[in-house]
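Engineer: Heads up: the sequence lines are chains A and B, in that order. This note's numbering numbers the first residue of the first sequence as 1 and each following residue consecutively. This note's numbering numbers the first residue of the second sequence as 1 and each following residue consecutively.
Be careful, since some hints might not be right.
Which bits of chain A does chain B cover? Going by a derived footprint, with three or more residues having C-beta under 8 Å, they are [what the hints assert, rightly or not]:
| no. | stretch |
| --- | --- |
| 1 | 34-43 |
| 2 | 94-108 |
| 3 | 156-162 |
| 4 | 303-310 |
| 5 | 448-462 |
Only part of the chain A face toward chain B is listed, based on derived beta-carbon distances under 8 Å [to be verified]:
| no. | residue |
| --- | --- |
| 6 | GLN49 |
| 7 | ARG88 |
| 8 | ALA399 |
Just so you know, these hints were derived from the structure itself, not from any lab. Quick reminder that beta carbons are idealized off the backbone N, C-alpha and C, glycines included.
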Amino acid sequence: MNVDAVMDYDEVMAAYEPVIGLEVHVELNTASKMFCSCSTSFGAEPNSQTCPVCLGLPGALPVVNAAAVASAIRIGLALNCSIATWCRFARKNYFYPDMTKNFQTSQYDEPICFDGHVEVELDDMVFTVPIERAHMEEDAGKSLHVGGATGRIQGADHSLLDYNRAGVPLIEIVTKPVTGCGAKAPEIARAYVGFLRDMMRALGVSDVRMEQGSLRCDANVSLRPHGVTTLGTRTETKNVNSLRSVERALRYEICRQGAILASGGKVKQETRHWHEDGEYTSAGRSKEQAEDYRYFPEPDLVPVAPSPEWVAELATTIPPSPTARRAQLRQQWGFSAAEMRDVVAGEALDLIEATVEVGCDPQAARKWWMTELTRRANALGVSLDQVGVTPAQVGEVQALIDEGVINDKVARHVLGLVQAGDGSPRRIVADHGLAVVNDQSQLQAAVDQALAENPDVAESVRAGKVQAAGVLIGAVMRQMKGQVDAQTVRRLIEATLTD
Amino acid sequence: MALTNADVARLADLARIEVTNDELTVLAGQLDVILDAVAAVSQVASADVAPTSHALALTNVFRDDVVEPSLTPREALAMAPAVEDERFRVPRILEEEA
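Sequences and hints are given; from them, build the entire structure.
Structural biologist: See the structure below:
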């Protein structure tokens with residue numbers, strides 16, 4: 001339950017400037033772990049992916065995964081960082097059962113990537129977020145807390161550990177303090193994390209599923225009175241596990257800190273925990289002494305010294321940034337700014353791109369994903385990429401329309417059947433007899449019948465009242481059970497009447 | 001170097017080792033001797049000798065990203081002092097909050 005006073009956001013902004021900082025952990029999608037050959041696959045049987053190295057057994061020696069180093073360098077290059085010519089791993093010592101070694105192998109004062117920046121877009125404006133560093137480390141095991149309320153560590157009787165995740169490669173990306181955001185700070189933070197997610201996906205280095213923990217975010221914020229250049233005392237909020245939460249947690253912390261400062265109090269430097277349900281933060285366990293991890297260089301690993309040739313080679317594999325890619329695709333596809341914004345917000349960009357790649361017209365691809373398939377995904381409560389229809393299938397449906405085999409109405413029906421697992425669109429059209437009737441005699445008979453049944457309408461169309469033809473088209477469409485193109489019917493009616 | 005008892009108490013706390021006051025005094029003296037011995041190295045190191053953290057002058061010792069068989073859960077858990085639900089069971093992590 002929330003016990004802290006909060007101040008109105010706009011009032012805080014009138015008196016203070018927020019300064020934010022973000023630490024994002026990205027779990028790499030390498031096949032094996034950072035320092036041993038155990039699998040990294042998600043959701044395996046507990047403790048089925050461990051070995052003497054990741055269990056920290058005496059005498060076991062780690063060996064660095066080359067693919068993880070390559071991914072780290074590619075991430076650094078994508079974030080416009082300098083790449084260290086020589087760097088080491090370090091031991092971060094702490095006692096906690098999620099690491100059997102009693103230390104985490106990480107990097108300390110020699111990160112592999114440092115001094116970068118990224119440009120993120122928000123409301124047609126571009127903000128530069130400065131990057132302090134991106135370093136390599138390993139993930140910890142997963143704890144289950146037993147005997148307390150709702151699985152929390154507080155009040156738990158004991159805990160259960162699964163070490164499958166221990167040793168999975170992680171990249172920690174840390175920003176410098178981000179100043180000058182003003183009231184948009186929480187939104188910029190969200191846009192930045194979204195940028196990282198899209199960039200990691202484009203690089204292909206991580207699954208970046210926030211709900212599965214393969215992208216995790218700690219959000220720092222402090223306030224300082226306008227005009228003051230020194231930084232205020234910051235708090236670090238953990239458990240921020242969705243883009244929406246990044247924005248909300250920061251907004252909440254700003255309002256909480258504002259209330260403290262406005263009443264003459266001092267913000268305590270501490271770790272806070274975000275509560276998704278109640279939308280507030282609470283203080284973490286208070287520590288009597290400052291953290292002291294006694295970092296020292298890892299004696300079991302030799303330094304990493306990427307050659308300029310290797311870095312140059314990796315540099316050729318960096319895709320355009322999400323910001324640049326969107327601009328490029330928007331131009332290529334001829335979308336309006338509003339259409340592109342909706343597509344990005346609707347998580348349809350990759351799907352549309354894949355659909356266009358199989359030969360579909362971009363506007364048609366946008367239409368299917370943003371209307372019919374978004375509606376179906378919403379009805380199922382799943383994300384668009386889980387709707388059960390692939391970009392190739394959407395492309396095939398549109399091809400059937402372009403070939404005149406089906407019309408829009410039938411296409412929607414076909415998509416429903418594809419979703420239900422009836423097979424490919426072409427096969428469904430064949431199996432269910434959905435092809436538009438091209439049999440002229442059958443169609444001509446339907447037109448003749450419609451004209452005979454509606455002599456008045458036929459007369460007024462003949463007299464030049466073209467819009468009246470709608471009634472006739474409707475009658476023919478009904479007769480043909482919709483399996484005919486409306487334009488074809490219109491032409492045939494006109495042709496028949498002017499004969 | 002002259003480590004104080006407070007320095008040693010802090011180290012003991014970080015290392016989760018219980019130490020009595022008498023032991024603190026003894027250990028402070030012993031650790032001093034060790035630190036002095038290590039510090040003696042800096043007297044022979046000249047400016048042209050780069051600091052090193054490893055005995056071997058190697059870099060970039062990597063392995064390919066290939067999965068090899070892990071221990072079975074049974075093998076892994078055979079070493080656990082306590083097991084529950086195929087997981088390592090550990091005592092309460094946080095003391096009760098005041």
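Engineer: Go through the numbered hints given earlier and state which of them the structure violates, listing their numbers in rising order.
Structural biologist: Result: hints 5, 8 break, sorted rising.
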